[in-house]
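Spelled out from the first residue to the last, the chains are:
2 protein chains.
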Amino acid sequence: MRITTFTDFSLRTLIYLASLPPDQMSSVQQVSRVYNVSQNHMVKVVGKLKKLGYIHAQRGKGGGISIAQAPEDINIGRVIAQMENHMDGVDCNAPACQLAPCCELRKALMVGMQAFIAAMENYTLADIMTNKEQFSPLLFINQPEGLDQEMTGLEDNQNVATNKNLD
Amino acid sequence: MRITTFTDFSLRTLIYLASLPPDQMSSVQQVSRVYNVSQNHMVKVVGKLKKLGYIHAQRGKGGGISIAQAPEDINIGRVIAQMENHMDGVDCNAPACQLAPCCELRKALMVGMQAFIAAMENYTLADIMTNKEQFSPLLFINQPEGLDQEMTGLEDNQNVATNKNLD
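Those protein sequence lines, which keep their order, are chains A and B. Quick note, the first sequence lines up with residues 1 to 167 if you use our numbering. Quick note, the second sequence lines up with residues 1 to 167 if you use our numbering.
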């Protein structure tokens, strides 16, 4: 049992942005490159993080994305609960289970999922970045090659089209 | 975040077998048919449940599969922990994350997963079958069509080949 890659990439994005020097902006392209993740996928991640208020996104030349809250204020349990599509533990419809109307498994799994989220709510972004000083060289943070020609990464036609679903 | 279909089907199988009248055996074919699940997939599920001691499987004519423990003794948290391939919460290698050596997210997720399992350990198979009397008509338990010509479902060449990996 694992968090989805969507949630995983959202946490990686927050870690990356929180690792940047103050006031340094990044872009979807850069985060995608750092983690070797599809840019289309990352556009959706960043779109949702922006919508939820975790990141700022400034369009246009000189724009970019940046962390919008102090790492101490970003609760990991809450981020996971917001980013996961499903916190019901099981899909009784794939394939459809005829016991669904009377089975208590789903209710039990909901209790288990709540226990998971409650445990994760004990952590902030700062807590999972206690080794922050080791992150910068691993993330190539001081080598922003090509950043001057990048925008937020939410602007090209393909990305805007994809991102519309998130607004 | 959800349990895998492998774990889901294993719980469905235990529910089905525990719903049968005492001493009535079933087969992999029948469980597959009841839940509309691929028989090859179900052979693997049943193979692992047998290995873990949750079900009996008797080969040959007149054989079949049956529940091996009282529902009150089958702990749902333990079944989930045993059936899930991964209880680490995140795959730092897909795609490979360069922060893995120093990031604390994985450790935090392990704590969350332990909280999930601990919550699920409060449930037995009997607890999720409190409406057991409603199950039989939904599972067609009294219509064992073709059961007389069925074995455990672990015997044909294809299934034996698949099941070798589970022993």
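Simulated from the structure, these hints should not be mistaken for laboratory data. In this text the structure is predicted, and so the values were computed from the model without any measurement. Hints may contain errors.
One copy or two, either will do: identical chains are not told apart, so a pair holds if it fits within one copy or between any two.
To be verified - Only pairs whose alpha carbons sit at most 16 Å apart, straight line, appear in this in silico EDC-like list of lysine to aspartate or glutamate:
no.: 1; residue 1: K132; residue 2: E72
no.: 2; residue 1: K132; residue 2: E121
no.: 3; residue 1: K107; residue 2: E121
no.: 4; residue 1: K132; residue 2: E104
no.: 5; residue 1: K107; residue 2: D127
no.: 6; residue 1: K51; residue 2: E72
no.: 7; residue 1: K44; residue 2: E84
K132 and E104: within-copy, between-copy, both or neither at 16 Å Cα: between (43 Å within a copy, 10 Å between copies)
16 Å Cα threshold - placement of E72 relative to K132: Only inside one copy: K132 and E72 sit 13 Å apart there, 48 Å across copies, limit 16 Å.
Up to 16 Å CA-CA - D127 versus K107, copy category: For K107 and D127, only the inter-copy Cα distance (11 Å) is at most 16 Å; the intra-copy one is 31 Å.
Homo-oligomer pair classification [E84, K44; C-alpha up to 16 Å]: within (13 Å within a copy, 29 Å between copies)
Up to 16 Å CA-CA - E121 versus K107, copy category: For K107 and E121, the Cα distance is within 16 Å only across copies (14 Å; inside one copy 21 Å).
Copy assignment of K51 with E72, given that the CA separation must stay at most 16 Å: Classified as neither; 20 Å inside a copy, 46 Å across copies.
Alpha-carbon proximity context of K132 and E121, limit 16 Å: Intra 20 Å, inter 36 Å, cutoff 16 Å: neither.
Hint check: violations occur at hints 2 and 6; the rest are consistent with the structure.
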